[in-house]
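A.B. asks: Here is how the chains run, residue by residue.
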Amino acid sequence: MDAGIGRVWTRRLVPAAFCALLVLPALGASAAQAPTRDEYVAQLERICKPETEATRRAMKGTSADVKAERLAVAAAKFAKASAIFAATTKKMTAVPRPPADTAKLKTWFGYLKNQEKYLREITAQLRSGHLIKAQRLLSRFIHNGHLANYAVLPFGFKYCSFEFSRYG
Amino acid sequence: MSGGAARAASALILLAVTLTSVSLVVTGTASGELTQHGNLIIRLDGGLSPRKLPRDRPGPLQVHLEGGLRTVDGSLLPRVTRIELGLPGQAVITTQGLPTCSPGRLRFTRRAEALAACRSALVGRGSLEASVALPRQQPFTTRASLLAFNARVHRHRAIVVHAAAANPPSVAVLVFFFHHGRGRFGTRLVADLSAALGPWPRFAQFKLNLGHRYSFHGRGYSYLSASCPAPPRGTAGFFSLARSTYTLVGGGRISQTITRGCRAA
Numbered sequence: 000m001d002a003g004i005g006r007v008w009t010r011r012l013v014p015a016a017f018c019a020l021l022v023l024p025a026l027g028a029s030a031a032q033a034p035t036r037d038e039y040v041a042q043l044e045r046i047c048k049p050e051t052e053a054t055r056r057a058m059k060g061t062s063a064d065v066k067a068e069r070l071a072v073a074a075a076k077f078a079k080a081s082a083i084f085a086a087t088t089k090k091m092t093a094v095p096r097p098p099a100d101t102a103k104l105k106t107w108f109g110y111l112k113n114q115e116k117y118l119r120e121i122t123a124q125l126r127s128g129h130l131i132k133a134q135r136l137l138s139r140f141i142h143n144g145h146l147a148n149y150a151v152l153p154f155g156f157k158y159c160s161f162e163f164s165r166y167g
Numbered sequence: 000m001s002g003g004a005a006r007a008a009s010a011l012i013l014l015a016v017t018l019t020s021v022s023l024v025v026t027g028t029a030s031g032e033l034t035q036h037g038n039l040i041i042r043l044d045g046g047l048s049p050r051k052l053p054r055d056r057p058g059p060l061q062v063h064l065e066g067g068l069r070t071v072d073g074s075l076l077p078r079v080t081r082i083e084l085g086l087p088g089q090a091v092i093t094t095q096g097l098p099t100c101s102p103g104r105l106r107f108t109r110r111a112e113a114l115a116a117c118r119s120a121l122v123g124r125g126s127l128e129a130s131v132a133l134p135r136q137q138p139f140t141t142r143a144s145l146l147a148f149n150a151r152v153h154r155h156r157a158i159v160v161h162a163a164a165a166n167p168p169s170v171a172v173l174v175f176f177f178h179h180g181r182g183r184f185g186t187r188l189v190a191d192l193s194a195a196l197g198p199w200p201r202f203a204q205f206k207l208n209l210g211h212r213y214s215f216h217g218r219g220y221s222y223l224s225a226s227c228p229a230p231p232r233g234t235a236g237f238f239s240l241a242r243s244t245y246t247l248v249g250g251g252r253i254s255q256t257i258t259r260g261c262r263a264a
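So the sequence lines, in the order shown, correspond to chains A and B. Residue 166 in numbering that gives the first Met the number 0 sits at position 167 of the first sequence, with consecutive numbering throughout. Residue 96 in numbering that gives the first Met the number 0 sits at position 97 of the second sequence, with consecutive numbering throughout.
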């Protein structure tokens, strides 16, 4: 081989090989990090289960409170549920998503963000004593919850799905 | 616009928005609530009629429920051995003075004969769809019309359902027993399907309108009644309307709950 050509090849190939050595493990790691749908569901259900039970405890008796117009008590319960929901969504957002389900999950997280917003707004309206406004938001919260469930129906979530009965 | 008129107008707008929101929840979406468990999708939808109910005492009403099971890949449904329909705790079932119909009077009867025998005990109507999987044959779908009658079976309050299919001509009589307990769905209607239908039909879908108004000793009664759990200043209330639970062969249980709203009279 000509020495000049050899130097050129060396100059080009060595940095390329070095880059490949750096990049390939990173690609491998990201492929290893991307979970399957089943793994993803299992991981999220582990996050949601305790939070679901905490929500149920926090919201116990809320419908009776609203019916009796103990709005400050109901507001405090909704505030707790709202904080639990926000913390859960934050944890769920951090979990790596299966690449094939990115679009579906993006839609779902969009609905979850709306749920979070509705819970905050319901709390605020109850605190201000605006019962009818709070009820209006509650109906939107329920409807949006169902839409969230449809978005990830094939995932078969149990604890991460919306269920109105958890909210008192 | 004067201050009073403006307040009245804003109150009306608020009321309209509230009622629209409530009707959104009352009607739900076209397909009702769905949940998927592996290859199986469970659906439940339903509503109340009328939606406007008294807030402080039970008012007469009719409940419409529909739902069922389907597989994601279109494969044969698993066999359902037991169906439970949970109704909300505030629902009141009145059978005072309402005639009863025994399952024996409905066996081997056509729809017209069943109606002739027990019309005065009729409390609901509906339809049912099932896949029939006979050995060494392609499964086929059969549709049956349902008549629900007030009954007492073994001294327990029950609903006897007469299911009549035209193709193939067949009749089944299902007994739904009332179970009363605590919790959100204090009243449950429970039917053992394996005893009534045998091993071949696989339950798929149902539709049921339950409710009946009748008079007894000159007084009006309603088979079903409920109040709207709305606060004194509120116009709407929300509650879990129904839960359907299916026990599958092998013992697995899947359920679906629906939430609906009502307007306070």
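By construction, these hints were calculated from the structure, which means they are not laboratory data. It cannot be assumed that every hint is accurate.
Claimed, not checked - Just the calculated beta-carbon pair ranges, DEER-fashion:
(1) A:Gly128 - B:Asp191: 38 to 44 Å
(2) A:Arg126 - B:Arg156: 43 to 49 Å
(3) A:Gly128 - B:Ala111: 57 to 63 Å
Here a beta-carbon is modelled for each residue, glycine too, at the ideal position from N, C-alpha and C.
A.B. asks: For each hint, tell me whether it holds in the structure or not.
C.D. replies: For each hint, the structure was consulted:
1. Between A:Gly128 and B:Asp191 the CB atoms are about 51 Å apart, so this pair departs from the stated range of 38 to 44 Å.
2. Taken as a hint, the range 43 to 49 Å holds for the pair A:Arg126 and B:Arg156, whose Cβ atoms sit roughly 45 Å apart.
3. The beta-carbon spacing between A:Gly128 and B:Ala111, approximately 59 Å, falls within the hinted interval of 57 to 63 Å.
Of the numbered hints given earlier, the model fails hint 1 alone.
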